[in-house]
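Protein sequence lines, in the order shown, are assigned to chains A and B. Every letter in the first sequence is one number past the one before it in my numbering, and letter 6, counting from 1, is 6. Every letter in the second sequence is one number past the one before it in my numbering, and letter 59, counting from 1, is 59.
Hints in this document: simulated from the structure, not taken from any laboratory. Possibly wrong hints are sitting among the right ones.
Derived, one-sided and incomplete: chain B residues facing chain A with beta-carbon distance under 10 Å [said to hold, decoys possible]:
#, residue
1, R25
2, G44
3, G48
4, E82
5, Q83
6, P93
7, V138
Glycine included, each C-beta is placed from N, C-alpha and C at the ideal position.
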Amino acid sequence: MSDTMTGAEIVIKALIDQGVEVVFGYPGGAVLPIYDELFKQNSIKHVLVRHEQGATHAAEGYARSTGKPGVVLVTSGPGATNAVTGLQDALMDSIPMICLTGQVPTFMIGNDAFQEADTIGITRPCTKHNWLVKDTDELAETMHEAFFVATHGRPGPVLVDIPKDVQFADGNYTPPRNVKPRAYNPRVKAEASSIQAAVELMEAAKKPLFYTGGGVINSGPQASQLLRDLVDATGFPVTSTLMGLGAYPASGDKWLGMLGMHGSYEANWAMHDCDVMICVGARFDDRITGRLDAFAPNSKKIHIDIDPSSINKNVRADVPIVGDVAHVLEDMIRIFRSRGAKTDQAGVADWWKIIAEWQAKKCFNFKNSDTLIKPQYAVQRLAAAMQNHGDYYVTTEVGQHQMWAAQYIPFNAPNRWMTSGGLGTMGYGVPAAVGVQMAHPDSLVVDVAGEASFLMTMQEMSTAVQYRLPIKIFILNNERLGMVRQWQELLHGERYSSSYSEALPDFVKLAEAFGCVGLRCDKPGDLDGAIDEMIKVDQPVIFDCLVEKHENCFPMIPSGKAHNDMLLGDADEEEISNAIKSDGAVMV
Amino acid sequence: MDLKRGSSSHSAYHLRSNLPEGEERRTLSVLVDNEAGVLARVIGLFSGRGYNIESLTVTETDHTGHLSRITVVTTGTPMVLEQIKAQLDRMIPIHRVRDLTSEGPSVQRELALVKVANTGEHRVESLRLKDAFRAQVVDATLESFVFELTGAPDKIDAFVDLMRPLGLVDVSRTGVAAISRGPEGM
Ligand SMILES: Cc1cc2nc3c(=O)[nH]c(=O)nc-3n(C[C@H](O)[C@H](O)[C@H](O)COP(=O)(O)OP(=O)(O)OC[C@H]3O[C@@H](n4cnc5c(N)ncnc54)[C@H](O)[C@@H]3O)c2cc1C
Ligand SMILES: Cc1ncc(C[n+]2csc(CCOP(=O)(O)OP(=O)(O)O)c2C)c(N)n1
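Working from the sequences, and respecting the hints, build out all of it.
This is the structure we're talking about:
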């Protein structure tokens with residue numbers, strides 16, 4: 001059963017058959033036939049972004065907040081190269097994305113044709129896989145394969161490069177039925193023996209800890225539920241990476257907060273001192289491990305990951321478990337229960353007593369002010385207002401504000417928190433918010449931003465206005481590249497080389513120029529009212545929150561240090577200036 | 001071509017060369033879809049992640065099945081070698097990765113074409129060594145030979161070293177092809 005149609009028709013038909021509802025894109029010569037087909041149909045919405053990077057981050061936001069793959073459509077040459085940042089971002093953060101690029105006609109490839117770029121060559125290292133389609137008859141199958149690869153195993157971005165003559169030519173359409181690459185068979189179910197070995201370790205653990213990550217979110221809502229069940233069944237404490245926030249609820253009583261460089265005191269100490277670490281869909285990133293030789297030195301490590309290359313990459317696992325989080329946790333719970341749901345209750349109770357002492361440090365406390373808005377205070381008030389409002393989705397840019405958002409905003413459900421973790425892409429938040437709001441038109445979507453990051457992709461406010469997406473950009477405006485400034489303070493003798501945000505625009509006027517609403521607040525006393533107003537407005541808002549300029553983000557594990565060697569908010573100047581020794585300074 | 005003395009020991013699969021402490025050498029056999037760009041993907045993986053390639057060969061081995069076989073000799077610590085295998089294995093067009101060094105005995109062969117220009121005593125001596133190494137003469141002039149030699153890489157290294165004082169001009173080597181011993185396939 002196959003139909004003949006043009007390549008451009010095949011692209012649209014494949015998208016529809018794959019259940020795609022929204023495409024983020026930007027037209028140009030090499031994709032005009034596809035845009036022509038988009039024009040003729042009504043089932044797929046196209047969102048015209050203002051820069052192709054915006055399309056990729058919007059697709060990421062869409063994907064992360066729905067669990068569905070995000071789709072991007074851009075032209076050849078500059079369209080494709082502008083998409084590269086978002087592809088690498090999605091690769092690092094395991095976000096399923098399908099990027100369709102136009103290409104010069106096959107007979108012109110290699111001739112330095114107008115707007116030609118070696119898109120396949122350029123994007124090979126920043127995609128999970130990519131394809132150049134030279135024959136219209138292979139287009140449908142390649143499209144379906146692309147969806148399969150993006151969404152199976154460890155999710156990631158894929159790219160299909162489609163020369164213009166292939167879009168015009170006729171070819172056969174084949175429906176999605178089981179189209180998958182013949183050599184790609186990611187494993188989802190793990191061996192029972194390894195799960196059993198993990199359960200045995202857990203049963204005997206005196207200082208156990210769940211270390212969860214983005215893989216729980218990738219695995220779907222069911223995985224989050226199973227994680228909660230397993231935590232309840234064992235009574236073990238749980239911490240998460242930046243990418244896994246919301247998988248276990250921040251309101252849960254076993255929650256220790258985020259771990260890592262800017263994680264909580266209790267989470268990092270628990271990580272350092274634990275005897276059994278159960279890593280669930282996290283990848284032992286350097287923001288987590290700190291100094292590798294001092295990383296959780298007395299622990300046995302269980303590592304659940306769908307990607308065998310994540311296992312034993314940085315840290316050796318004692319019990320590696322290759323499989324999908326939901327599948328593995330389901331089996332793990334069953335095996336744990338069938339063996340009588342035993343844990344070392346006395347040991348674990350003692351462990352909780354030690355943890356309670358760490359928690360008593362109240363590591364996220366900060367010195368508030370009556371006159372200046374402290375950025376932490378602003379985020380706290382934002383969090384309170386959002387919680388009052390109900391369900392909320394948060395995106396971020398990259399920098400101090402991102403860390404404060406992670407520290408002070410509680411997430412109680414998965415898919416509510418969209419941030420650029422692995423690549424750390426400033427400019428992610430605005431377009432990501434566009435993508436999230438497209439998927440959830442009636443929900444509150446807030447981008448917690450720094451003024452410098454905002455300036456990188458702020459043109460997407462125009463997209464938000466066009467599509468009536470009432471995203472809220474909450475700028476913690478410290479007139480500094482704050483995170484850079486903090487490192488210069490700690491590492492480079494307070495020489496603030498190019499870390500001011502000079503000549504900033506008037507963000508309220510800027511908002512008005514875009515046709516959205518601008519709000520400004522510079523007094524702690526006015527903050528709640530202003531935030532409420534921001535939430536109430538049914539339009540995109542740029543909120544210019546003028547905050548303390550030299551606030552540092554704590555806790556912080558200085559690079560090259562161990563987990564139990566962290567700086568807290570009350571660190572004195574000497575501690576701070578001695579914090580990063582030269583051997584750590586080479587690390588980023 | 002200026003071949004300095006001992007230059008063959010820079011070729012990393014040279015079995016006499018010492019590896020840095022803690023590193024090992026492995027020969028990997030990789031079965032891939034024979035499609036455009038697949039070699040670039042594999043090479044890009046190695047260069048992008050800073051892995052070593054000491055030798056690499058690739059050719060289609062199954063025409064109807066569109067499969068090629070890549071043989072790559074690499075070095076690293078056991079943890080890095082394990083990463084290399086895992087990173088290869090997760091690539092979409094890669095069907096199978098076998099570690100021929102650690103998964104039992106294997107045969108490794110390389111073919112070399114070795115050109116010497118010489119006359120007189122050197123010419124006679126090079127012919128004698130050719131016989132000792134069971135090489136073939138595949139081209140001859142009154143003042144030169146091209147020898148063809150197959151064998152394990154260290155045999156070829158040894159032959160090349162011996163030819164050096166006898167008028168070595170050029171060496172072309174294929175890189176290692178390898179296969180496991182015994183009845184099992186990949
Ligand atoms: C300025 C800045 C500061 C940062 N500070 C911190 C910090 O203090 N703390 C912190 O945690 N992070 C921090 N990060 C983020 C950090 O860089 C990493 O992005 C993050 O720690 C990685 O999270 P993860 O380990 O959960 O891995 P992810 O990148 O989310 O990877 C997920 C892992 O799960 C696996 N997986 C995917 N799907 C599945 C599935 N279905 N089943 C099983 N496994 C699956 C993948 O193979 C992968 O190994 C910071 C980032 C920035 C930009
Ligand atoms: C595209 C990009 N360029 C540079 C950086 C390096 N960088 C990390 S944080 C930061 C400063 C961010 O400043 P701002 O957005 O104002 O946030 P703040 O840290 O002040 O909260 C910079 C420049 C980056 N992460 N991304």
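Hint by hint, here is what the structure shows:
With 10 Å as the threshold, the beta carbon of R25 (chain B) stays out of range of chain A, its nearest partner Cβ sitting at about 20 Å, so the hint is violated. Interface hint at G44 (chain B): satisfied, since its Cβ lies 6 Å from the closest Cβ of chain A, which is below the 10 Å cut-off. Here the hint on G48 (chain B) is kept, as its CB sits about 5 Å from the closest CB of chain A, short of 10 Å. Given hint, E82 (chain B) at the interface with chain A, holds; its Cβ is 6 Å from that chain's nearest Cβ, closer than 10 Å.
Evaluation of the Q83 (chain B) hint against chain A yields a held restraint, the C-beta minimum of about 6 Å falling below 10 Å. Checking P93 (chain B) against chain A: minimum C-beta separation of about 6 Å stays under 10 Å; hint holds. Hint status for V138 (chain B) relative to chain A: violated, with the closest Cβ pair at about 36 Å, above 10 Å.
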